[in-house]
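One-letter residues, chain by chain:
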Amino acid sequence: MPILFASIGEVFAERSGVLNMGIEGVMGLSAFVSLWVTFTTGSYLYGLGAAMVAGAALGVLHAFVTVKVGINQLIAGLLIYTLSGGIADFAYRKVTATSFPIVRPLPSVHIPILSDLPAVGPILFSQNILVYASFAVAIVLGLVLYRTTWGLNIRAVGENPEAADAAGINVNLVRNLCVILGAVLAGVAGASLVIGYLGLYNAGDTLVAGRGWIAIVVVIFARWSPYKAIAGSWLFGLGYSMAATFIGSGVFSSLGPSAGYFLLAIPYIFALVFMLVFHRGTKSPSSLTVPYKRK
Amino acid sequence: MMQVSLRKYLSYLLGIAASLALFSAILLAFGYDPITSLEGLVSGSFGSTFLASETFVLMTPFLLAALAFLVAFRARFYNVGVEGQLYIGALFAYLVGSQVGTLPSVAAIPLVVLASAAGGILWLALPLLMRIKLQVNEIFPTLVMNFIALDVVNWLTAGPIKDPNSGNLQTPILPRSTWLPILIQGTRFNVGIIFAIVMAIGVFFVLYKTVLGYEIRASGANPRAAQSGGVDVSRSIIAVGLMSGGLAGLAGMVVVTGAEHLLAQNFSPGYGYQGIAVAALGTFHPLGALIASVLYSALSIGGESLQRSAAAIPIELTYVLQATIVLSVLIVQKWLGDRTRRRR
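Chains D and L, in that order, give the protein sequences.
Letter 201 of the first sequence, counting from 1, is numbered 201 in the working numbering, and no numbers are missing.
Each number in the working numbering corresponds to the 1-based position in the second sequence with 1000 added.
Some hints here could point you the wrong way.
Below are the BS3-like pairs computed for lysine-lysine, each with C-alpha atoms no more than 27 Å apart in a straight line [claimed, not checked]:
(1) D:293 <-> L:1008
(2) L:1209 <-> L:1008
(3) L:1334 <-> D:293
(4) D:68 <-> L:1008
(5) L:1008 <-> L:1334
(6) L:1334 <-> D:68
Don't read these hints as lab results, they were simulated from the structure.
Given these sequences and hints, build the entire structure.
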């Protein structure tokens, strides 16, 4: 569930009023970092931790340029995408000059009894530990957002920063923390892609393969709610696996041997159709992308 | 007034100096010699007629993509889908170009040009309609359509329109009559380069010298005030949408008919995304984009030369340098801008 981690992170950043378009790049860099650290230390935990640090570093950068300096969030995010993708590919090239890092993906954890259920059993209850963790994180952070003062502060800052400031909330501190939290979760997302499934890294953004962008669409689909992000991520994850299954089975081979490429578009077409159908209620936090300067 | 523009240039120089210092530090950290690397960047981009012409060939899609982004940006319409519109523009240019081979160039080239612009507009039509009719923010539809465009072009170039005699995933070569004429023999310096520069001047003229341009800028600066002042904001957005999609389509066309003469899979190294960085570097002004696109493509061509040279600096570091330069310039600019405002 790499998409879920990334989209919960983005929910928090956007709820506080900051758009982070760079998470595709954050995922790429942290994916590489987690692979390299896990490969050299042999510890998944170190790999995950290093990916979170890499995510946090990029989060600090994004928070600095958008919250502190106040440059356009969209452009800052796209630049961070280029920057972190470049760093990741460069580092990968350096590393592969002497070795070929590869790790064994985390084993699946079978939950007794439940995983034996027909049909849904293997899908829901026979996954690696990070998948369960992503559900837990979504629920805990959902509780934080809706049931705690912190969550109320975050939502206030994203909706009406002037009023939040008047109420004594440090607007830019809340935003900085949310952006960094969002980037850390994108880091976890990148790591979960590598140590959870693939076990390797590929240059040129073919590894993350658009999951970072999809996570941003999931945020809209989920109407900025961590709970609904679970359903959204599952649906778009389904898009990815459907494309993979169709390509494998050759159902569409009558369209020609190259039709597989077209099937890769399925998750994106999903995303577009959902935006068309659910456009009502897709109202973003009021001050999203608007920097806050105290008068 | 003098003060302000002086500060603007100062911010540029400071930003570039800061990013070069940072980049040199990165190079040093990895054991490369920064002085020879930076020298290599300059000589690798303008060091010979051939390299200089390649810099201008690469400048063309950067410039057109940047114009496509900035013209919409000025009306606060964020067209992040330039990359996809560029691919569809290139596809349309190829599809029409491959059919009109029997026509003379005077007829064939305008047809190809129009087809590519139409392709770009077509690919922006859905997000544009969603924005105008349903008030859906355009950032995500335009972004998502990039990936669909890429998949469509990948599919077609791998199957239906693939050159059966080529091992590469690309179409056959276009008929000669559709090629943009070469202006300097022995290089790829073609009419498309002049065309893009004319477009930059054209966008400048529309934005700053026409009523439409005034309305566009008013809609972007403050949509509510513009609306109550009698400006039809939706009309401005439709106008910039048409211009933006068209320019993005043209950016794909100049690569296909100007430089490569065929449509290859993944031919764009992200011109559409980098165009956004170029537009930002050029302060979202069409003539600024002209200068920024030359700088940006010089860095890319210089970076490729560096990768081939004895120093063997990987191309990824050049991407890092490009992003660092744009970020530093934007940061320094914002800081200086804030300081002048506070003093007043």
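For each hint, the structure was consulted:
{"no.": "1", "hint": "D:293 <-> L:1008", "verdict": "22 Å, holds"}
{"no.": "2", "hint": "L:1209 <-> L:1008", "verdict": "23 Å, holds"}
{"no.": "3", "hint": "L:1334 <-> D:293", "verdict": "13 Å, holds"}
{"no.": "4", "hint": "D:68 <-> L:1008", "verdict": "20 Å, holds"}
{"no.": "5", "hint": "L:1008 <-> L:1334", "verdict": "10 Å, holds"}
{"no.": "6", "hint": "L:1334 <-> D:68", "verdict": "10 Å, holds"}
Of the hints listed earlier, there is not a single one the structure fails to meet.
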